[in-house]
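K.L.:
With these hints in hand, go ahead and build the complete structure from the sequences.
Heads up: the sequence shown begins at 1 in the UniProt record's numbering, then just goes up one per residue.
It should be emphasised that the hints constitute simulated quantities derived from the structure, not laboratory data.
Values in this document were obtained by computation on a predicted structure and should not be read as measured data.
Careful: at least some of the hints might be erroneous.
Here are the simulated lysine to any residue pairs, SDA-like style, with alpha carbons at most 25 Å apart [as the list claims (entries may be wrong)]:
| no. | residue 1 | residue 2 |
| --- | --- | --- |
| 1 | K88 | E73 |
| 2 | K175 | P102 |
| 3 | K169 | F188 |
| 4 | K24 | E10 |
| 5 | K24 | Q14 |
| 6 | K146 | K169 |
| 7 | K115 | T197 |
| 8 | K169 | T191 |
| 9 | K43 | W70 |
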Amino acid sequence: MSIDKQQEIEKLKQQQQKENDERKKQQEKELKELKEQLERQEKIEGTLKNILKEEDSSLIELTINALIPWIIENSASINEGNLKDLTKRLGKKSKSTTKTPPNKNYYLVDTITLKEEASDFCKELLADKDVFILEEDNNFAVVYNKAFAGKVKEEAKKLNFTAGDLFRKHSNSVKTLPPEHDFDVSKFKKTEFVSYTYTPTQPKK
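P.N.:
Laid out in structure tokens, this is it:
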């Protein structure tokens with residue numbers, strides 16, 4: 001066999017080896033991407049299962065309102081049947097609901113008794129931006145009734161409570177204000193709050 005022929009064969013072998021190496025790298029890359037995708041999918045499915053089991057209306061509202069911007073951004077991915085159902089339901093709701101937002105409830109909470117029962121929860125609650133120490137008596141806090149999240153929610157869950165139930169348990173009065181107001185709620189007097197009787201929204205599990 002001539003030298004030129006041998007060189008040609010060797011060159012073809014090298015080219016074939018190079019193609020095999022590149023194909024192998026591509027397969028490894030695709031396999032890695034598939035594995036990462038499956039891991040993300042498993043994590044998302046786990047989160048969705050927890051969301052679908054949620055029964056607390058305030059947490060359902062919080063979750064939906066957090067997802068709406070993402071749903072709008074990715075609306076092209078909604079299948080036609082779901083899009084029709086969603087449009088129909090939202091159309092009915094927009095006709096039946098009033099444009100006036102609900103009033104806001106502020107509970108006067110005894111921080112002494114709350115701290116005795118749930119010190120970590122009390123600490124996280126008092127750090128929230130919608131919780132104010134009462135100037136008249138700093139043993140009381142004025143707590144805006146909202147869907148608490150983060151550490152406040154976590155500490156309440158450790159005690160088998162929702163955050164709302166746990167702080168309202170230590171309140172016997174409430175003040176209702178318009179949805180838009182400029183009151184400094186920390187300056188209210190205790191006598192300005194209306195008597196309130198605590199009733200849990202959910203039984204302890």
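K.L.:
Each of the hints needs a verdict: does it hold here or not?
P.N.:
Hint by hint, here is what the structure shows:
no., hint, result
1, K88 to E73, "19 Å, holds"
2, K175 to P102, "14 Å, holds"
3, K169 to F188, "21 Å, holds"
4, K24 to E10, "21 Å, holds"
5, K24 to Q14, "15 Å, holds"
6, K146 to K169, "15 Å, holds"
7, K115 to T197, "20 Å, holds"
8, K169 to T191, "19 Å, holds"
9, K43 to W70, "18 Å, holds"
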